[in-house]
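Chains as they are written, first to last, in this note's numbering: chain E, 338 to 641; chain A, 338 to 641.
There could be a bad hint or two in this list.
[What the hints assert, rightly or not] With a cut-off of at most 25 Å between alpha-carbon atoms, the simulated SDA-like pairs for lysine to any residue come out as follows:
(1) E:K612 / A:Y521
(2) A:K525 / E:R430
(3) A:K357 / E:Y521
(4) E:K542 / A:S634
[What the hints assert, rightly or not] Facing chain E, a subset of chain A residues (Cβ under 7 Å, in silico):
(5) S522
(6) K525
(7) H545
(8) I555
(9) V557
(10) P559
(11) A564
(12) K596
(13) A597
(14) T637
(15) F639
Everything labelled a hint here was simulated from the structure, so no lab data went into it. For glycine and all other residues, C-beta sits at the position ideal for the given N, C-alpha and C.
Protein chains: 2
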Amino acid sequence: MSLIILGSVAFDALETPFGKTDKIVGGAASYAAIAASYLYDHVKIISVVGEDFGQDNLEKFTSKHIDISGIQIKSGEKSFFWSGRYHNDMNTRDTLVTELNVLGDFDPIIPTSYQDAEYILLGNLSPQVQLNALERLTKRPKLVVMDTMNFWMNIALDDLKEVLKQVDVLTINDEEARQLSGQYSLVKAAAVILTMGPKYLIIKKGEHGALLFGENSIFVAPALPLAEVFDPTGAGDTFAGGFIGYLANKGVINFESMKAAVIYGSALASFCVEKFGTERIETLSALEIDQRIQTFSTLTSFVI
Amino acid sequence: MSLIILGSVAFDALETPFGKTDKIVGGAASYAAIAASYLYDHVKIISVVGEDFGQDNLEKFTSKHIDISGIQIKSGEKSFFWSGRYHNDMNTRDTLVTELNVLGDFDPIIPTSYQDAEYILLGNLSPQVQLNALERLTKRPKLVVMDTMNFWMNIALDDLKEVLKQVDVLTINDEEARQLSGQYSLVKAAAVILTMGPKYLIIKKGEHGALLFGENSIFVAPALPLAEVFDPTGAGDTFAGGFIGYLANKGVINFESMKAAVIYGSALASFCVEKFGTERIETLSALEIDQRIQTFSTLTSFVI
Numbered sequence: 338m339s340l341i342i343l344g345s346v347a348f349d350a351l352e353t354p355f356g357k358t359d360k361i362v363g364g365a366a367s368y369a370a371i372a373a374s375y376l377y378d379h380v381k382i383i384s385v386v387g388e389d390f391g392q393d394n395l396e397k398f399t400s401k402h403i404d405i406s407g408i409q410i411k412s413g414e415k416s417f418f419w420s421g422r423y424h425n426d427m428n429t430r431d432t433l434v435t436e437l438n439v440l441g442d443f444d445p446i447i448p449t450s451y452q453d454a455e456y457i458l459l460g461n462l463s464p465q466v467q468l469n470a471l472e473r474l475t476k477r478p479k480l481v482v483m484d485t486m487n488f489w490m491n492i493a494l495d496d497l498k499e500v501l502k503q504v505d506v507l508t509i510n511d512e513e514a515r516q517l518s519g520q521y522s523l524v525k526a527a528a529v530i531l532t533m534g535p536k537y538l539i540i541k542k543g544e545h546g547a548l549l550f551g552e553n554s555i556f557v558a559p560a561l562p563l564a565e566v567f568d569p570t571g572a573g574d575t576f577a578g579g580f581i582g583y584l585a586n587k588g589v590i591n592f593e594s595m596k597a598a599v600i601y602g603s604a605l606a607s608f609c610v611e612k613f614g615t616e617r618i619e620t621l622s623a624l625e626i627d628q629r630i631q632t633f634s635t636l637t638s639f640v641i
Numbered sequence: 338m339s340l341i342i343l344g345s346v347a348f349d350a351l352e353t354p355f356g357k358t359d360k361i362v363g364g365a366a367s368y369a370a371i372a373a374s375y376l377y378d379h380v381k382i383i384s385v386v387g388e389d390f391g392q393d394n395l396e397k398f399t400s401k402h403i404d405i406s407g408i409q410i411k412s413g414e415k416s417f418f419w420s421g422r423y424h425n426d427m428n429t430r431d432t433l434v435t436e437l438n439v440l441g442d443f444d445p446i447i448p449t450s451y452q453d454a455e456y457i458l459l460g461n462l463s464p465q466v467q468l469n470a471l472e473r474l475t476k477r478p479k480l481v482v483m484d485t486m487n488f489w490m491n492i493a494l495d496d497l498k499e500v501l502k503q504v505d506v507l508t509i510n511d512e513e514a515r516q517l518s519g520q521y522s523l524v525k526a527a528a529v530i531l532t533m534g535p536k537y538l539i540i541k542k543g544e545h546g547a548l549l550f551g552e553n554s555i556f557v558a559p560a561l562p563l564a565e566v567f568d569p570t571g572a573g574d575t576f577a578g579g580f581i582g583y584l585a586n587k588g589v590i591n592f593e594s595m596k597a598a599v600i601y602g603s604a605l606a607s608f609c610v611e612k613f614g615t616e617r618i619e620t621l622s623a624l625e626i627d628q629r630i631q632t633f634s635t636l637t638s639f640v641i
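For reference, chain E alone in the conformation it holds in the complex (with noise of 0.2 Å):
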């Protein structure tokens, strides 16, 4: 049994209102193995990252216990690289740089020690290269978690809809349901993206929190209100790798646990816009999540 997490490894440079990085670890399988491995024990990443990547960097996966056989290394060529700056707001940003670099042609291999995932995220990533790693599994796993963005189905829907035909959990923002649907209002989207393939949607809304369909209910979940947000980068991941990563520590896969898989999400996910990068979601104790978990709790908690 075990989690496996696909997408990219990479280096990211963010440029926020409060400073600036050079090249550190980012990519969206790199933030959501971590999340996911403070909840369950068998976090395997399929990925690929260039030479330049580095055994240190590999380690900030290894020390953690999350298995990088899958992890592919291009000797001579380079991993993936993102460079953006957030506006003020901190709701939008310019990308900057975009080199895709061993990423171009990403095909994802699976080691046979992967072979009995349970459980698989497929994170943002080509639709093309979701489903091939999806159909490389000889078992189908019992939980097909997907998470995508605007720019595929920008220039790739009808990969997009074949993947989707497959998945049990979609995760996306409130702009990308509207965009995906055709529809307006979210209730209305989600009801349109559920006929689509997966049999629950989770609409994330950044600082207003998220919702979850499925089952014919509703779930709102609260987004911790921060008075500051560092950087926002690998959010979405991050609280994509909590959710599966409860879910798969749990082991039972309905509407009540995706409830409370989505305020693990959610909760890793308030850390990771604490500080540049990876770097809080780094050094979490089971101590401050169970903390946090409780914040959520209280925040939404009322008597009549």
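Given chain E, work out where chain A should sit, using these hints.
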């Protein structure tokens, strides 16, 4: 013991993507008083209308046992009239007509029978009128709730700050909180506003719910996810009326009771937007309200 609602009683003409109305009853006090009347028996309006308002329209209040002896009826004059058109997203609107009429020189008169009021909602009106009404009470109510909007921040900020000093709870929306505080982060905005007088602050975020700040705590209330918002007019006033109506009924003023009050306000506002104007909130049953409160509870409850 009673609850005073100060605010406009007026005519509105509305256009939404779902249709349009002729002149119908509107105004902050109309929405707030009707909402409060479901939760508390001694609701009293202070307002002014013209001769055109008509006895049949006043019966919308008296039929709900709302005391209208504080509504001045100006013979030969016309009621406040506002006409607006909502855009397709229902979040933005254009004002087509504003005729102040009797509201232009409104001087609030407090009937002697209102002087025992323990609760007052200073509904959205000029800060000077809000202050006049408050100063004409011989005994300060034990709870003063103020609603206002960006319009008054633009043209009467000093007056508004004077009223704020006398207020226990302020309700405004997110953009107004940013404008009033000069802070983008709502957590920082709340910290600034809570130094201006109010002990509690409610930030209304429309479809994203509401935040309650006070006693060094935060409460996050969801909005009911709706497939269609038919007409958002009056939702904020309905929220404020439900909020203070619940507290007047409960008789307890602290963070815990305010959390429940925010949920009642949100529930009543969720009915308001289902039809044009006050149409929906005029016909609520106690059972419908109870069921809606239960829905809010289900929306946010989770078990770890």
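(request) Could you tell me which of the numbered hints above are not met by this structure, giving the numbers in increasing order? (result) none
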